[in-house]
Amino acid sequence: MTRCFGLLIRGFLTLFRPDVPDTTKFNVKLLDGGANTQLRSDAGFEAGLDIEYTVGLATNVPTTFISVGPGSLATGEVEGFLDEINALIVDPKRPNFLSTSYGFGEDDIILPVAQGDTAKVSATHTHSSAPWAHQSSLRLAMEASSQQTLSALRATSLHRRDSPTTSRPQSTYQKADVDSYIASLKGQYDGLFNTSGRGFPDVAAKSVNFEIIPTSHVTLLSGTSASTPVFASVIALLNDELISAGKSPLGFLNPFLYGAAGRAR
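Using my numbering, read the sequence shown as starting at 1 and increasing by one per residue.
It is possible that some hints are incorrect.
To be verified - Listed below are the simulated DSSO-like cross-link pairs for lysine-lysine, each with C-alpha atoms no more than 30 Å apart in a straight line: (1) K247 x K29; (2) K93 x K186; (3) K206 x K25; (4) K247 x K93; (5) K206 x K175; (6) K93 x K25; (7) K247 x K25; (8) K206 x K186.
Rather than coming from a laboratory, the hints here were simulated on the basis of the structure.
Quick caveat, the model's predicted, so the values are computed rather than measured.
Can you make the complete structure from the sequences, with help from the hints?
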């Protein structure tokens with residue numbers, strides 16, 4: 001469970017976005033005994049980073065902080081993810097964009113659960129695909145990031161982690177890009193991954209030396225946990241422009257990202 005100290009948002013906006021009122025608020029949604037006590041001692045780096053770089057970048061876009069309680073920790077937090085998604089599916093005011101900076105390895109979840117997809121919503125879900133240590137030589141995919149219905153994000157620095165998933169087939173819209181990438185490896189990793197699986201990540205963004213205010217002073221932080229809310233904020237701003245013009249939000253991004261329009265520079 002992570003908590004976000006609201007007063008720190010004011011400090012972040014004052015220092016880095018003086019053009020935005022430091023009284024800007026964010027909404028809170030609590031699940032499974034989640035809390036947002038506003039005690040300085042409870043403020044978390046991850047929560048503060050996410051809110052500071054969504055409220056701070058997606059100017060005037062309504063932002064909701066979702067805090068999932070500790071009840072799911074006994075099962076590796078998997079149930080917390082499921083409860084979050086199920087709560088959003090039935091929410092008539094569910095967001096057009098959902099940013100998550102946590103995940104699991106595919107080998108951490110049994111196959112029926114990994115392949116389960118009981119419902120789809122129109123919102124885009126961007127997921128961090130951070131590197132992690134594993135004793136096997138196989139290049140294993142991050143479970144949530146490898147979902148076809150999510151957009152997976154990688155850091156432009158740190159470690160590279162481009163490898164197809166072992167539990168999901170490749171989508172037709174990304175086949176040309178995945179085939180091209182595998183060909184560029186010139187057989188370097190043959191036998192270490194499933195060449196016909198869903199390739200990821202889908203996008204990348206800056207990830208190094210993000211300035212945040214987790215307590216009472218500025219701290220530098222790096223990782224896909226930083227790049228994910230930044231990309232989410234960019235898409236949120238695009239959706240805001242579309243909705244303001246009476247148009248539909250972008251929705252599921254991946255077919256667009258791999259299409260001709262998504263390749264535009």
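Any hints this thing doesn't respect? Which numbers, in order?
-> Failing hint: just 2.
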